[in-house]
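Asks: Each chain is listed here by its residues.
Number of protein chains: 2
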Amino acid sequence: MDYMAGMPVDPRVLEAMMPYFSQQYGNPSSLHSWGNEARKAMEDARTKVVAFVGAKRSEEIFFTSGGTESNNLAIKGVAYRNKDRGNHIVTTAIEHMSVMNSCKSLMKDGFNVTYVPVDKYGVVDVQSLEKAITDKTILVSVMYANGEIGTIQPIKEIGEIVHRKGALLHVDAVAAAGQVPINVENENIDLMSISSNDMYGPRGVGAIYVKTGTRIQPIIHGGGQERGLRSGTENIPAIVGMGKAAEIAKVEMKPEGERLSQLRDKLIKGLLENIPSSFLNGHPTQRLPNNANVRFSYIEGESLILSLDMLGVACSSGSACTSKTLEPSHVLLAIGLKHEEAHGSLLFTLGKQNTEEDVDYVVNVLPDIVKRLRSISPLTPKELLS
Amino acid sequence: MDYMAGMPVDPRVLEAMMPYFSQQYGNPSSLHSWGNEARKAMEDARTKVVAFVGAKRSEEIFFTSGGTESNNLAIKGVAYRNKDRGNHIVTTAIEHMSVMNSCKSLMKDGFNVTYVPVDKYGVVDVQSLEKAITDKTILVSVMYANGEIGTIQPIKEIGEIVHRKGALLHVDAVAAAGQVPINVENENIDLMSISSNDMYGPRGVGAIYVKTGTRIQPIIHGGGQERGLRSGTENIPAIVGMGKAAEIAKVEMKPEGERLSQLRDKLIKGLLENIPSSFLNGHPTQRLPNNANVRFSYIEGESLILSLDMLGVACSSGSACTSKTLEPSHVLLAIGLKHEEAHGSLLFTLGKQNTEEDVDYVVNVLPDIVKRLRSISPLTPKELLS
Numbered sequence: 000m001d002y003m004a005g006m007p008v009d010p011r012v013l014e015a016m017m018p019y020f021s022q023q024y025g026n027p028s029s030l031h032s033w034g035n036e037a038r039k040a041m042e043d044a045r046t047k048v049v050a051f052v053g054a055k056r057s058e059e060i061f062f063t064s065g066g067t068e069s070n071n072l073a074i075k076g077v078a079y080r081n082k083d084r085g086n087h088i089v090t091t092a093i094e095h096m097s098v099m100n101s102c103k104s105l106m107k108d109g110f111n112v113t114y115v116p117v118d119k120y121g122v123v124d125v126q127s128l129e130k131a132i133t134d135k136t137i138l139v140s141v142m143y144a145n146g147e148i149g150t151i152q153p154i155k156e157i158g159e160i161v162h163r164k165g166a167l168l169h170v171d172a173v174a175a176a177g178q179v180p181i182n183v184e185n186e187n188i189d190l191m192s193i194s195s196n197d198m199y200g201p202r203g204v205g206a207i208y209v210k211t212g213t214r215i216q217p218i219i220h221g222g223g224q225e226r227g228l229r230s231g232t233e234n235i236p237a238i239v240g241m242g243k244a245a246e247i248a249k250v251e252m253k254p255e256g257e258r259l260s261q262l263r264d265k266l267i268k269g270l271l272e273n274i275p276s277s278f279l280n281g282h283p284t285q286r287l288p289n290n291a292n293v294r295f296s297y298i299e300g301e302s303l304i305l306s307l308d309m310l311g312v313a314c315s316s317g318s319a320c321t322s323k324t325l326e327p328s329h330v331l332l333a334i335g336l337k338h339e340e341a342h343g344s345l346l347f348t349l350g351k352q353n354t355e356e357d358v359d360y361v362v363n364v365l366p367d368i369v370k371r372l373r374s375i376s377p378l379t380p381k382e383l384l385s
Numbered sequence: 000m001d002y003m004a005g006m007p008v009d010p011r012v013l014e015a016m017m018p019y020f021s022q023q024y025g026n027p028s029s030l031h032s033w034g035n036e037a038r039k040a041m042e043d044a045r046t047k048v049v050a051f052v053g054a055k056r057s058e059e060i061f062f063t064s065g066g067t068e069s070n071n072l073a074i075k076g077v078a079y080r081n082k083d084r085g086n087h088i089v090t091t092a093i094e095h096m097s098v099m100n101s102c103k104s105l106m107k108d109g110f111n112v113t114y115v116p117v118d119k120y121g122v123v124d125v126q127s128l129e130k131a132i133t134d135k136t137i138l139v140s141v142m143y144a145n146g147e148i149g150t151i152q153p154i155k156e157i158g159e160i161v162h163r164k165g166a167l168l169h170v171d172a173v174a175a176a177g178q179v180p181i182n183v184e185n186e187n188i189d190l191m192s193i194s195s196n197d198m199y200g201p202r203g204v205g206a207i208y209v210k211t212g213t214r215i216q217p218i219i220h221g222g223g224q225e226r227g228l229r230s231g232t233e234n235i236p237a238i239v240g241m242g243k244a245a246e247i248a249k250v251e252m253k254p255e256g257e258r259l260s261q262l263r264d265k266l267i268k269g270l271l272e273n274i275p276s277s278f279l280n281g282h283p284t285q286r287l288p289n290n291a292n293v294r295f296s297y298i299e300g301e302s303l304i305l306s307l308d309m310l311g312v313a314c315s316s317g318s319a320c321t322s323k324t325l326e327p328s329h330v331l332l333a334i335g336l337k338h339e340e341a342h343g344s345l346l347f348t349l350g351k352q353n354t355e356e357d358v359d360y361v362v363n364v365l366p367d368i369v370k371r372l373r374s375i376s377p378l379t380p381k382e383l384l385s
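Residue numbers (numbering that gives the first Met the number 0), protein chains in the order written: chain A, 0 to 385; chain B, 0 to 385.
What the hints contain is simulated information worked out from the structure, not anything from laboratory work.
Each hint should be verified, as a subset may be incorrect.
Identical chains blur together in the list; that is why a pair holds if it fits in one copy or across any two.
[Stated by the list, open to error] Cross-link-like lysine to any residue pairs, in silico, SDA-like; alpha carbons within 25 Å at most:
| hint | residue 1 | residue 2 |
| --- | --- | --- |
| 1 | K47 | R11 |
| 2 | K351 | L279 |
| 3 | K351 | S32 |
| 4 | K82 | R38 |
Whole structure, please, built from the sequences with the hints as guidance.
Replies: Shown next as structure tokens:
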């Protein structure tokens, strides 16, 4: 139950990729017929991603090496290209580190960044966001949904505000794409980052949607692939895989989302009911179907992870990207948790291979694990030890 | 015979990668045991790349999304990190577009770049290079070998000069790695870019060697993977594949290089002897074992490519990255060819699946193709038409 940290590649995706490893390994930039085949495969994949995000034109999708690169490209590429118009960027307190640290790198280069707060459920404070946008603001970057606490943002409404104020809206949809339907046109999105692996495609590939007319410049220079926005020999097997993953997700996302939502709710309910002093992190309803983030007072999430690991259950204490540091998650702190509350949080991300039995198992074993860990914690109040 | 544009993945490499797509898909940053397995697989691959390039420590190898990104990271990462020491970069006239255009992007940001010329064989003029280095020079970037004309540079000697002058040496070894042995320690290299696909590994992954103590900063920010130098969830299947490719290349490079050198020489000799007014581009002996670049007066390389393609032979008119533009290759112009000579050049890059029969076939069919094309070219002198 740690799908967010890494998803398996769907067997149908892998099957689609296989011929491009060893038989059809042409370079789309080559003139001969092998190059043509590679080019066709790539454009077919692009068409599938276009349909997946609801873009209008295939020229609006560019392939990258993944979500992190897409976020870097969106933020730095727009900032440097539009610095003649302003040097201010607005984002939120709960963005992914690739957004956070791209903004931080821009601050060393003369840009100012405003971090808009979120409420206790992790929903962006829309009024603060509106107030934060000035005539110097060139870009607003808000994630579609937070992979750690699951909260989904009111992107369409945010997009209206951003456009009314004359700025561009970038949406990091890495955690959301493949979980919930997204339509860039309907939801007022100018730039959007998605990652293949977060929708059962291969790693090492992602995409960025750039609405026609948006001013952006590359961060990686070279042979001019992807119409100059992302140089480097195109990773055809991975791109084909991402196309297939997008095609599958477009069809299966809805029924699978309903199935996962039920599992998620059963898991949350089971844990909150059976474990005293346990609480849901994130929004109770506006949340990703695959995400359950629960905190348990008086214990460390890391001890819980290791205990569950010994029983064959994988989960996380927060985003995998930050869980290797001892710092508490900036997302959990932003929704108002204290350091020790953040450390006592456990993130389950469900996926295709999870069943009702998996959920029952966790609901069955976790209460005893929590009880045992609390019994050796000096922080646990007496009434919980009985 | 267009291996440079795209190589098939070695079946042994693909086999090594397969488990990491759908079974062992852990995230190396996760705490649980699946994360540990991913971490181990990644470090095992790193160790193989370390051995392949002759680095001293595993901390000197960082995985990237490919050769283009490695070159961007080396040049921009060193330039921005060391701008307190100087704003001058020295490179050559025949570098890959990822080096050329990274330098170009730096010129917009206050850096100066000197492009050192090469001789008629494509060998860097070492004296010019030495003279070009000033006390403002922070970085010298010279490719190990040119993928288009095959010429190998005297990197060790260049490294001595660069270090004597107090600058850093970056080597783009994308075309050379896997073809000829390279040892970063013996050859005075501070930073080196390599790509997996150019040594029968998967696309979408590369590496950069950064000698301990070298000051460099990231170009892609995020979760702090690769010890902060390259953020983004690690592409484990691809990294495992690159490790395997490096391991295989270390063992098989020498015998395969000898085999290819013989095929290459047979191809070059066969074409030059059987086609009047044909010439070798690049150095006659200091060249990559897989590279044969021959020019034929009075005709267009593109017509040759299409004619050979109809007979099932893939080749290129230059680097795949630039062959889609109508501009002649900057490499061929830099070795002193006229525009029409550059356009009449044909690049064969040989690989594991090429046999003596392939070479015989090309030597057999190409003279007639050239003759036919020359017969319809208004430029062809009468004496060649008889």
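Asks: Run every hint past the structure and note whether it holds.
Replies: Do the hints match the structure? See the list:
When the C-alpha separation of K47 and R11 is checked against a cutoff of 25 Å, the pair qualifies only within one copy, where the shortest distance is 15 Å, while the shortest distance between copies is 31 Å. When the C-alpha separation of K351 and L279 is checked against a cutoff of 25 Å, the pair qualifies only within one copy, where the shortest distance is 23 Å, while the shortest distance between copies is 57 Å. Taking identical chains as interchangeable, the C-alpha atoms of K351 and S32 lie at most 25 Å apart only when they sit on different chains, with a minimum of 20 Å there against 38 Å within one chain. For the homomeric pair K82 and R38, neither the shortest alpha-carbon distance inside one copy (35 Å) nor that between copies (40 Å) is at most 25 Å.
Hint 4 alone, counting from the list given before, is not met by this structure.
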